[in-house]
Amino acid sequence: MKKTCIVLFLFLSLSLYSQEKNFVWKIAADQSINWDVEGSQSHSDHIEMSGLNISAIITYGVDENGELINQKKLVFPMLRTIPNNTHASLSQNFNGEEQPEIRVNGTTLKEFLLD
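For the sequence shown, the residue numbers in mature numbering (1 follows the signal peptide of the UniProt record, and there is no 0) are -20 to -1, 1 to 95.
These aren't lab readings, by the way, just hints derived from the structure by calculation. Hints are not guaranteed to be accurate.
Unchecked claim - Simulated crosslink set (SDA-like; lysine to any residue; CA at most 20 Å straight-line):
no.	residue 1	residue 2
1	52	29
2	6	-19
3	53	76
4	6	-9
5	90	75
6	53	73
7	52	74
8	52	42
9	52	27
10	90	42
11	52	70
12	52	78
With the hints as extra help, turn the sequences into a complete structure.
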């Protein structure tokens, strides 16, 4: 009985502790989703998408310096090196440097932080 009470207490305290998170996503009054990140607060998230011939994992966020994190992983499940093994699919990682440059009057625009 004593052991059961201790296990129950630990389970309840761990479940309460796990719910104490700082959520960066908020639902606004117009039902849109807002992502508010403080100046030095780092946060990243990802979206996974799959289609008939390609799967993608898009990772985005803000690092400790307030700079953009933008990474993509593309997986081609039809192009396998080992038949019937989905882990052997061709995949390619892109770290964000492959993004096209935005130019205005021939000058490349650079990302900068707002104070």
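Status of the hints after comparison with the structure:
1. Note on residue 52 and residue 29: the hinted pairing holds, with a Cα-Cα distance of about 11 Å set against a maximum of 20 Å.
2. With a C-alpha separation of about 42 Å, the suggested pair residue 6 and residue -19 falls outside the 20 Å cut-off, and the hint is violated.
3. Simply put, residue 53 and residue 76 have alpha-carbon atoms about 11 Å apart, close enough for the 20 Å limit, and the pair holds.
4. The suggested pairing of residue 6 with residue -9 is violated, with an alpha-carbon distance near 27 Å, which exceeds 20 Å.
5. A threshold of 20 Å between alpha carbons decides the hint, and for residue 90 with residue 75 the separation of about 17 Å falls inside it, so the pair holds.
6. Among the hinted pairs, residue 53 with residue 73 is consistent with the structure: their alpha-carbon atoms are about 4 Å apart, no more than 20 Å.
7. Taken as a hint, the residue 52 and residue 74 pair is honoured in the structure, with Cα atoms around 5 Å apart against an allowance of 20 Å.
8. At roughly 15 Å between alpha-carbon atoms, residue 52 and residue 42 fall within 20 Å of each other, so this suggested pair holds.
9. Using a Cα cut-off of 20 Å, the hinted pair residue 52 and residue 27 holds, with the two alpha carbons roughly 10 Å apart.
10. Annotation: proposed proximity of residue 90 to residue 42 holds, straight-line Cα distance about 16 Å (limit 20 Å).
11. Between the alpha carbons of residue 52 and residue 70 the distance comes to roughly 14 Å, so the proposed pair stays at or under 20 Å and holds.
12. Only pairs whose Cα atoms come within 20 Å are accepted, and residue 52 paired with residue 78 is accepted, the gap being roughly 10 Å.
The structure fails to meet hints 2, 4 from the earlier list, while all remaining hints are met.
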